[in-house]
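2 protein chains.
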Amino acid sequence: MSDVARVAGVHKATASRALNPLTSGQVNQATARRVLAAARQLGYTPNATARSLRTSRTHTVGVLIPDLTNPLFPPVVRGIENVLFPRGYTALVANTDNEPDREAAHFEALLGRQADGFILATGRRDHPLLVSAHERGIPAVLVNRGTDDALYPLVTGDDPAGMTAAVDHLVALGHRRIVHLAGPAGLSTGLRRSQAYRHAVAAHELDARLVECESYTADAGERAMVALLTEAGERPTAVVGGNDLIALGALRAIRAAGLRCPEDVSLTGFNDMPFLDELRPALTSVHVPTHELGVEAARLLLEQIEGAPAVAKTISLPLRLVVRDSTAPPS
Amino acid sequence: MSDVARVAGVHKATASRALNPLTSGQVNQATARRVLAAARQLGYTPNATARSLRTSRTHTVGVLIPDLTNPLFPPVVRGIENVLFPRGYTALVANTDNEPDREAAHFEALLGRQADGFILATGRRDHPLLVSAHERGIPAVLVNRGTDDALYPLVTGDDPAGMTAAVDHLVALGHRRIVHLAGPAGLSTGLRRSQAYRHAVAAHELDARLVECESYTADAGERAMVALLTEAGERPTAVVGGNDLIALGALRAIRAAGLRCPEDVSLTGFNDMPFLDELRPALTSVHVPTHELGVEAARLLLEQIEGAPAVAKTISLPLRLVVRDSTAPPS
DNA sequence: CTGAAAGCGCTTACAG
DNA sequence: CTGAAAGCGCTTACAG
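Here the protein sequences line up with chains A and B, keeping their order.
The opening residue of the first sequence carries number 28 in the working numbering; numbering runs sequentially from there.
The opening residue of the second sequence carries number 28 in the working numbering; numbering runs sequentially from there.
A hint or two may mislead.
Stated by the list, open to error - Chain A regions said to be covered by chain B (calculated; three or more residues, Cβ under 8 Å):
{"id": "1", "segment": "104–112"}
{"id": "2", "segment": "290–298"}
{"id": "3", "segment": "303–309"}
Hints were generated in silico from the structure; no laboratory data involved.
The C-beta atom is built at its ideal place from N, Cα and C for all residues, glycine as well.
Using the sequences provided together with the hints, build the complete structure.
Here you go:
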């Protein structure tokens, strides 16, 4: 920047003002033009590090997700990026694998890099990191998964409505024995969907039957379904997966047991991850607007960074059931 | 840090030396312990911004990918992160959507943030950005897709070997009319795989027949397959997709035409993206070790950042054909 | 409208 | 082994 100032024949303070859109009004138009020209000529790129040190704003936000490899998260991250980038922010994405140590290590690293705020999509319902962040006045927003103590805004899908839509659909098809392969109760989505399932079946005066999976994975879903199929008692005619991966695992177990979907067992997923359409049978699922989740979270975070207080409100985005080929009337 | 120094009763220069593992040897052990204790007590986190300004190293690398939502890239990014994070680096991931303007804008933004280096997985074979980066001595590594001018190291799958394995497999099953639904020739993978396809069929003294798709998407694959099926001449008995998405689109078109896979048309993909196993038929594909690609790229970048020259070598990782249910002898 | 000066929080050659 | 000082590249109150 000193070079730019010299070429333009002004003091570097003036160059700084001319180059910053917010302060360029304080500078004579002709002078500003000269500075801009000099900057272009020299191929000048402002040093964001120096700027940050001076202003104590890095225009950087930390995004903590469990695992980028889970198809739920890439669209969330893109939604976040799409609102952040045009406003001059960049996202530092870190994968925690739902391990508290990794999460804490990344959180510390991001704090050291002076992130202006955080978006957390990580799972546990109980979250010591957040308490200390809140005490320190650090802006943050939660996506998809809440914590028991509401300290920060949460952007999430309307899981109860989505779960109700899935159960109602199965009941309308004529199913009476509808089992829920639930996500871990230690995750807020797992708990919330399980509760919604109980309410939904109760509303139809059906019995709740629920198997908790160890994790939101196909393998866990397969194990749970195998266990369910070897249990005594009448076989269920419909299974509601806690998410799509659990449903995929259940599908494997259904086939391995020599059963057909949807003829013998109807099956629904949750999240509507990509390529469900290409499966045979194409999987009925509850669509979650993941991109919009990211967009809303980024907006709320930006508001906080710009001074709005961290209100622990919840923003629920509507979900919709996408009916495909894995659900049919019981035979 | 001044606070830490005061509490420990030393000058901040000494505190700085004690806190940095590389310089803590220069400090009396007892003094160092006092500083560490003070830092812990105050909950001190070093300000990476200030450090960067002083050392002109941000421990940050820019990762430019086309689209995080393409299942090829998340594992690459995780591989990158897995080597970067333990070494104190973080990745700034940006999506370019293969648009030159977006790419240039992100590149500029990352340069302004003083990224220590770049990993580029973006597509075009011709790349003005890279030329200017190279002139400026900026460390960089390419992943998966190379450029025509070799300026930087490239880490990629051994596409020719993968393509040859796919064609050989189909020939061994008895296929003679094998078509390639190619990726765009403007992308280096598209060109490279097409060439390998031509060589592979020529080696079996078969005619090459190739349809170029507009992009690496299911829709483009579907359009290309529809066009192919409406052409005059003998219908092919096997189709080699330029990637899995193209193959998925081809599968749609095959079905829409009332044909069965693999009975009427055998089909292979490329990349072996997640969940191909769950498709019916499960798709035969060439497995690309995406995580390893990211790991190797990050290693090479770190070497450059630490002073190694940017040698334009190519590192080819082995690929292997995963045979599933979408390929069978012609009927 | 512009300049001169101070300072953001570190690191590191230079003395001692 | 430790301290005092300079400086990384910006921004911004304060004068003029």
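Hint-by-hint comparison with the structure:
Using a Cβ-Cβ cut-off of 8 Å, 4 residues of the segment 104–112 of chain A lie near chain B, which meets the minimum of three, so the contact claim holds. Using a Cβ-Cβ cut-off of 8 Å, 0 residues of the segment 290–298 of chain A lie near chain B, which falls short of the minimum of three, so the contact claim is violated. A count of 3 residues in the segment 303–309 of chain A with a Cβ less than 8 Å from any Cβ of chain B is obtained; the coverage claim is therefore met, three being the minimum.
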